[in-house]
Structure formats: structure tokens, C-alpha cells
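> Residues per chain, in single letters:
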Amino acid sequence: MNTFLQLLVNGLGKGAVYALLALGFVVIYKATEVINFAHGSLVLVGGFLVYELKDTLGWVGAAVVGIVAAALAGLLIERVLLANARAADHNSLALLTIGVDVIITEEVVRRVGADIPFIGDPYDAQPIQLGAITIFRTQAIALVVGAVLITAFLLAFRYSSWGVAMRAQAENREAAALMGIRSSRVTATAWLVAGALAGVAVLFIATQDFSGAGLGRGTHAIALVAFPAAILGGLDSTAGAVVGGIVVGLTEALSAQYISFEFSKSAVFLVMLVVLVVRPSGLFGTKELSRV
Amino acid sequence: MLSVRGLSVRYGRSVRALDGVDVEVPADGVLAVLGGNGAGKSTLLRAVSGTLKLHRGTITAGEIRVDGERIDRLDPAVVVRRGVVAVPEGRQVFARMTVEDNLRAGGLGARSAADRAAARQRVHDLFPVLAERAGQRAGLLSGGEQQMLAIGRALMSAPRLLLLDEPSLGLAPQMVGRIATIIREIHAQGTVVVLVEQNATMALRVADHAAVLEVGRVALSGPADELAASDDVQRLYLGGHAESQAQAESEAAQAQAHRRTRTLSRWVG
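First to last, the sequence lines map onto chains A and B.
Each residue of the first sequence is one higher than the last, beginning at 1 in full-length UniProt numbering.
Each residue of the second sequence is one higher than the last, beginning at 1 in full-length UniProt numbering.
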């Protein structure tokens with residue numbers, strides 16, 4: 001039972017990080033209907049700058065720069081590439097993001113070299129003992145940070161003018177334009193927010209006690225696990241992204257313990273397949289709503 | 001108020017939707033734009049509201065001015081800030097958002113918070129049902145209520161010029177009458193209205209001036225009551241003098257043939 005509770009907390013911690021990444025996928029998809037396959041590279045951009053600057057600026061300073069850099073990288077991809085390819089259809093733009101992803105990822109991998117370093121040990125890897133339950137500090141902090149950011153995001157999405165504009169554009173681009181909503185501004189802020197969330201996520205992913213993956217293809221692969229999180233939650237649902245992230249985090253933690261570590265990655269995609277067969281639009285994906 | 005001069009619009013490379021259209025909207029009235037399917041009515045509104053690009057349309061000639069300032073090269077959001085707001089055909093409310101959020105979205109184009117507050121009060125006065133259903137999803141409203149929401153949402157940015165595309169489409173006659181009354185009320189409160197309609201009976205009842213579009217050109221224009229009395233409009237759009245559907249269609253065909261061979265008379269509004 002204690003092991004189960006321990007796995008539950010650690011799985012939730014991981015799930016919170018996946019949820020941050022899945023929210024990034026979803027917010028870009030809602031604003032543009034483009035699936036951003038370059039999300040993993042945004043994670044690496046943030047992580048790389050933390051790794052490079054932590055000795056100069058201190059870890060916190062470097063983390064702030066990393067988050068801002070990942071956000072700006074997202075904005076740059078949108079402004080320079082996607083905004084200038086408006087005539088392209090969504091599939092072409094998704095392919096474009098794959099190209100961007102390969103270029104950025106390979107460049108980061110080339111720069112960090114063969115060592116595949118971690119971005120430091122900022123959370124003090126000592127486990128926390130709560131009675132008989134042992135919790136990794138990284139996962140506990142990830143859970144708190146994730147919960148705060150997700151709550152702030154969902155509140156902003158629900159109540160702020162930005163959120164109203166984003167939801168309006170996601171639903172009907174022409175009607176939103178006729179309301180005076182600037183499409184380019186909404187799209188740019190979506191990429192900015194998604195990049196910032198990726199910059200926060202890497203602060204947990206590229207640490208030793210989160211996954212064991214250093215700053216390289218391993219971290220990139222972990223970031224892509226957020227993709228099934230977004231899909232199974234429903235690609236156009238922010239709440240779905242959060243639930244999807246938690247489901248993925250728990251699936252990974254439980255299957256790694258009770259089946260095998262190797263199987264845990266496949267288990268995530270297996271859950272996604274089952275959900276999609278039963279509910280093709282995902283757990284919270286929107287179906288057409290109409291009065292009959 | 002709104003001046004459209006020599007406006008030509010094309011979709012893609014070859015489809016010409018408007019060809020040298022001239023329309024003047026005076027600052028003191030409701031203008032009805034009539035015409036059948038494919039006449040270019042909606043294209044005219046898209047050109048004014050700046051949303052042609054979303055339909056792969058381009059202005060190839062002419063200009064559109066509001067109070068003397070050109071708006072034909074502006075982003076739709078900027079056009080809204082110049083006080084020109086359109087209600088698109090088919091209402092296009094944000095179905096998954098609540099009524100209140102739809103109104104909030106409409107208010108994003110307002111010039112100030114004070115304008116927004118005044119506009120909200122005006123919308124609730126015009127459409128009390130929108131205040132009653134504030135928390136309900138817009139997609140679950142009836143067709144008439146959705147039309148009210150679409151108009152109310154457009155009024156939230158306190159426009160000087162309101163463009164309505166087929167507001168009577170798909171509504172029961174009683175609701176059409178109610179929408180017509182509301183349009184007059186909106187105009188009486190100081191908003192200039194351009195009403196694009198296939199329902200000529202309703203449009204000519206509401207409007208002070210009217211223009212008839214046929215295959216991308218203005219065929220007739222003038223005071224609404226004079227157009228309502230003209231034989232051409234009676235036969236083609238109001239079904240006057242016909243005692244059966246077959247006779248109406250026959251008379252419409254005759255009027256079309258007659259029109260091809262003569263120069264149309266025009267009124268200047």
C-alpha cells in the first residue's frame with residue numbers, strides 16, 4: 001500500500017510536468033489548428049540555456065533566462081516561419097514544425113556533446129519521508145509548481161480577455177476577427193505561452209531523479225510523451241491536457257513498478273490507443289454541439 | 001458615412017464576385033442591399049469588414065471609405081476599431097462559449113471600458129433574454145435567440161456602422177418581424193445599419209434606402225419605398241402581382257429578359 005501511495009505521488013509529480021507540456025500542445029492547436037511537433041525542441045532550448053548559464057547567473061537566474069528563451073523561441077518560430085506561410089494548410093505547417101524540431105534538437109545535441117549532462121540538482125535530491133512513504137523532492141516540487149501554473153493558466157483561459165479571445169478564435173476565426181480580435185496576436189501569444197511552459201517543464205525533466213535522461217535526445221523523447229497526454233485528453237481541451245498529463249504520469253509510474261521500466265513508455269501509448277478507440281475525440285475532446 | 005466606389009472583388013484567379021459596385025450609405029438611415037444567391041451581397045459586406053482574405057478573396061479595384069477614411073486595406077480588427085462591425089451570415093455565435101462570454105468577446109473591440117459598459121447595458125435593454133441566459137451555452141439557444149446574440153455581440157463594441165448579413169435567414173416569420181423591429185430600434189439609437197437580405201419584404205420595410213445587386217453589379221438603387229413600388233423589384237423580389245408560383249416564376253423570367261435589353265433607371269439615395 002505504501003509503495004502504491006509513493007508511486008501515486010511520484011506519478012502525479014511527473015503527470016504535472018506532462019500536463020504543462022500537453023497544455024502547450026493544446027494551446028497552440030486551439031489557436032492555429034496546427035500540431036506543433038517542435039515542442040520537444042523548445043524544451044531543449046530552455047534546458048540548454050539553463051545548463052550553459054547556471055554557473056554564471058546561478059541556477060534560479062539561469063532558469064528564468066531558460067524559460068524566457070523557450071518562450072521567445074516559440075514566438076520566433078511562429079513569427080518567422082508559420083506567420084509567413086499562411087497559405088499553407090495545417091498538415092504542411094505540422095511538417096514544417098517537424099523540420100524545425102530536427103534542426104534545433106540536432107544543434108542542441110551537437111553543442112552539449114557526448115556527455116549528455118543534467119541541468120543541475122536544484123531541488124536537493126534527498127527524498128522526503130512522510131511516515132512510511134518516500135517521496136522524491138523533485139516530483140513533489142514539480143507537483144506544486146505544476147498545480148500552481150496549471151491553475152493560473154486555466155483561470156486566465158477562463159476569465160481573462162486573452163482567454164476569451166483565444167477561445168473565440170479557436171471556435172470561429174472569422175467571427176473572432178469580426179469582433180476586433182487580432183488573430184496574429186492571439187496566435188503569437190499561444191506560442192509564447194507554450195514555449196514558456198516547455199521552459200518550466202525542462203527544469204524538472206532534465207534532472208537526474210526525474211527520469212534519468214540528460215539534456216539530449218532522452219529529454220526530447222520524454223517531452224514527446226506529452227503528445228499522447230494531449231491526444232488522450234482531447235487535443236482541443238485544456239482540461240483534457242491536464243487530465244491526460246496526470247494519466248500519462250500515473251501510467252508511467254505504475255507500469256514501471258508493477259510491470260517493467262522498459263514497458264512503461266509503451267504503456268503510455270497503449271492507454272492512448274485504448275482511449276482513442278473508445279472515444280475518438282479523446283477524454284474531453286469537443287464534439288459538435290448543436291440544438292436539435 | 002460609408003462610401004463604396006468602383007469596388008471589384010475576385011475570389012481566386014477567375015471568379016469575379018463584384019464588378020465596379022458603387023454604394024453610398026448615408027449617416028441617417030438603414031440601407032438594404034437586396035439580391036439573389038450569388039449576387040455579391042455577402043462579398044460586399046466581407047469587403048467592408050476586411051474579412052475577404054479569410055475567403056481567399058481580393059479587392060481588385062475601387063475603394064471603401066468610412067467618414068472619408070479608406071478602410072479597404074485594413075485588418076478586420078482595425079476596421080472594428082474604426083466603428084464598423086459585421087454580423088456574418090448564419091449568425092456564427094461561439095457555440096461552445098456561454099452567452100456572457102460571447103458578449104465579452106464582442107466587447108474586446110470596444111475603444112474603452114466605459115464604452116463596453118454602456119454597450120452591455122444597451123444590449124441587455126434590447127435583448128433581455130441575453131441577460132436571463134447569460135450562463136447558457138450559445139449553441140443551445142434557439143435560432144432567433146442566436147440571432148439576437150449575434151447582433152448583441154456586435155453591438156458590444158459600440159459600432160457606428162452595423163452590417164447585418166441575412167439576419168432573417170432560417171427564422172420563423174414572427175421572429176423575423178421582431179428582428180426587423182430591433183433593427184429599427186438600433187438605428188433610432190444612433191447606429192447606421194446596412195442590411196443585406198434575400199427577404200426583400202422585410203428589408204424594404206425596415207430600410208430607408210436600398211440597392212439591388214445582380215451578378216456583382218448594382219442594378220437599382222434609391223429610396224426603399226420607391227424600390228418597393230417598382231415593377232422590377234415587385235416581380236423579382238416581392239412576388240407582387242402573381243397569383244401562383246408558376247406565374248411568379250414566369251414573370252420573373254420575363255423581367256430578367258426585359259432587363260437585359262434596356263438601360264435601368266436609377267435613383268440616387
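Quick caveat, the hints were computed from the structure, so don't treat them as lab data.
One should not assume that every hint holds.
Unchecked claim - Distance ranges between label pairs, derived from CB positions:
(1) 128/B to 269/A: 48 to 56 Å
(2) 185/B to 158/A: 31 to 39 Å
(3) 69/B to 221/A: 50 to 58 Å
(4) 155/A to 69/B: 35 to 43 Å
(5) 69/B to 68/A: 34 to 42 Å
(6) 128/B to 162/A: 23 to 31 Å
(7) 143/B to 274/A: 34 to 42 Å
Claimed, not checked - Some, not all, of what chain B presents toward chain A, calculated at C-beta under 10 Å:
(8) 75
(9) 76
(10) 81
(11) 86
(12) 87
(13) 94
(14) 96
(15) 101
(16) 107
(17) 108
(18) 109
(19) 154
(20) 156
(21) 160
(22) 187
Where a beta carbon is used, it is the ideal one built from N, C-alpha and C, also for glycine.
> Next, verify each hint and record whether it holds.
Hints versus structure:
1. 128/B to 269/A: 48 to 56 Å: Given about 52 Å between the Cβ atoms, the range holds.
2. 185/B to 158/A: 31 to 39 Å: Given range 31 to 39 Å: holds, Cβ gap about 33 Å.
3. 69/B to 221/A: 50 to 58 Å: Since the Cβ atoms of residue 69/B and residue 221/A sit about 55 Å apart, the hinted range of 50 to 58 Å holds.
4. 155/A to 69/B: 35 to 43 Å: This hint holds: roughly 40 Å between Cβ atoms.
5. 69/B to 68/A: 34 to 42 Å: holds, 39 Å
6. 128/B to 162/A: 23 to 31 Å: Between residue 128/B and residue 162/A, where Cβ atoms are some 30 Å apart, the hint holds.
7. 143/B to 274/A: 34 to 42 Å: Holds, at about 40 Å.
8. 75: Since the shortest Cβ distance to chain A is 7 Å, the answer is holds.
9. 76: Because about 4 Å separates residue 76/B from the closest Cβ in chain A, which is inside the 10 Å limit, the hint holds.
10. 81: holds, 6 Å
11. 86: Nearest chain A Cβ about 5 Å off; hint holds.
12. 87: At 8 Å from the nearest chain A Cβ, residue 87/B passes the 10 Å test, so the hint holds.
13. 94: Holds, because the Cβ-Cβ distance from residue 94/B to chain A comes to roughly 5 Å (cut-off 10 Å).
14. 96: At about 6 Å, which falls below the 10 Å cut-off, the nearest Cβ of chain A leaves the hint on residue 96/B intact, so it holds.
15. 101: holds, 6 Å
16. 107: Where the cut-off is 10 Å and the nearest Cβ of chain A is about 8 Å from residue 107/B, the hint holds.
17. 108: holds, 6 Å
18. 109: holds, 2 Å
19. 154: Hint on residue 154/B: holds, closest Cβ of chain A at ~7 Å, below 10 Å.
20. 156: holds, 8 Å
21. 160: violated, 14 Å
22. 187: violated, 20 Å
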